[in-house]
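*Asks:* Sequence:
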Amino acid sequence: MSRQTSIPAGGIRRTAVTLLIAVLLCSAGCMAPALQEPTITLSGVGIENITPGSTDLLLHFIIDNPNPIGATLTRVSFDVYFIDGGQWVFLAHGERGGFEIQPNAETAVSIPVTVDNLRLVQGLLQGLADGGVTLRVTGSGVLDFDITTFEVPFDRTVEVRPGQAREAARMK
Numbered sequence: 006m007s008r009q010t011s012i013p014a015g016g017i018r019r020t021a022v023t024l025l026i027a028v029l030l031c032s033a034g035c036m037a038p039a040l041q042e043p044t045i046t047l048s049g050v051g052i053e054n055i056t057p058g059s060t061d062l063l064l065h066f067i068i069d070n071p072n073p074i075g076a077t078l079t080r081v082s083f084d085v086y087f088i089d090g091g092q093w094v095f096l097a098h099g100e101r102g103g104f105e106i107q108p109n110a111e112t113a114v115s116i117p118v119t120v121d122n123l124r125l126v127q128g129l130l131q132g133l134a135d136g137g138v139t140l141r142v143t144g145s146g147v148l149d150f151d152i153t154t155f156e157v158p159f160d161r162t163v164e165v166r167p168g169q170a171r172e173a174a175r176m177k
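The sequence shown begins at 6 in our numbering and counts up by one.
These are calculated hints, taken from the structure and not from any lab test. Glycine residues also receive a C-beta, built at the ideal position from the N, C-alpha and C atoms. Treat each hint with caution, since some may be false.
[What the hints assert, rightly or not] Just the calculated beta-carbon pair ranges, DEER-fashion: (1) Leu123 - Glu42: 14 to 24 Å; (2) His98 - Thr23: 50 to 60 Å; (3) Val163 - Ala110: 20 to 30 Å; (4) Thr79 - Thr23: 32 to 42 Å.
Construct the complete structure from the given sequences, taking the supplied hints into account.
*Replies:* What follows is the structure in structure tokens.
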């Protein structure tokens, strides 16, 4: 005895529609373009203020986000060095976060850091002979896109001239 079962026509349609929806949902993530890694560039260092005990520097960064969605720069952490006799000498550490980064754009971010003048004296003495102090800033930034996170390293050498402090004082 053979027994045949029949599937109602509505059941086949319902099953086919359910499978089609499942396939579309699974493949939807494959159609989205992959996110590109942003870049962080140090665009400059300015002297904001000089007191007998410390010097306030303002580091200017450009975050280039080539992606169609914005991100949050949750943390940027960096170390500042000066050159003394061909060797890099640690000067200061800076860390900050919470910056909103625009989609498909460059976003400028400025981060202050205070340097102890006792450490800076070596660099200034060397810089007086050269006309400026050569600084190296190395670090990384963490950009959160909600669906993924990028840690972006940077390393840049810039020259800071003593006259920048007088210019900054006149601008305030």
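*Asks:* Indicate, hint by hint, whether the structure satisfies it.
*Replies:* Hints, verified against the model:
{"no.": "1", "hint": "Leu123 - Glu42: 14 to 24 Å", "result": "violated, 39 Å"}
{"no.": "2", "hint": "His98 - Thr23: 50 to 60 Å", "result": "holds, 57 Å"}
{"no.": "3", "hint": "Val163 - Ala110: 20 to 30 Å", "result": "holds, 23 Å"}
{"no.": "4", "hint": "Thr79 - Thr23: 32 to 42 Å", "result": "holds, 40 Å"}
Checked against the numbered hints above, the structure violates only hint 1.
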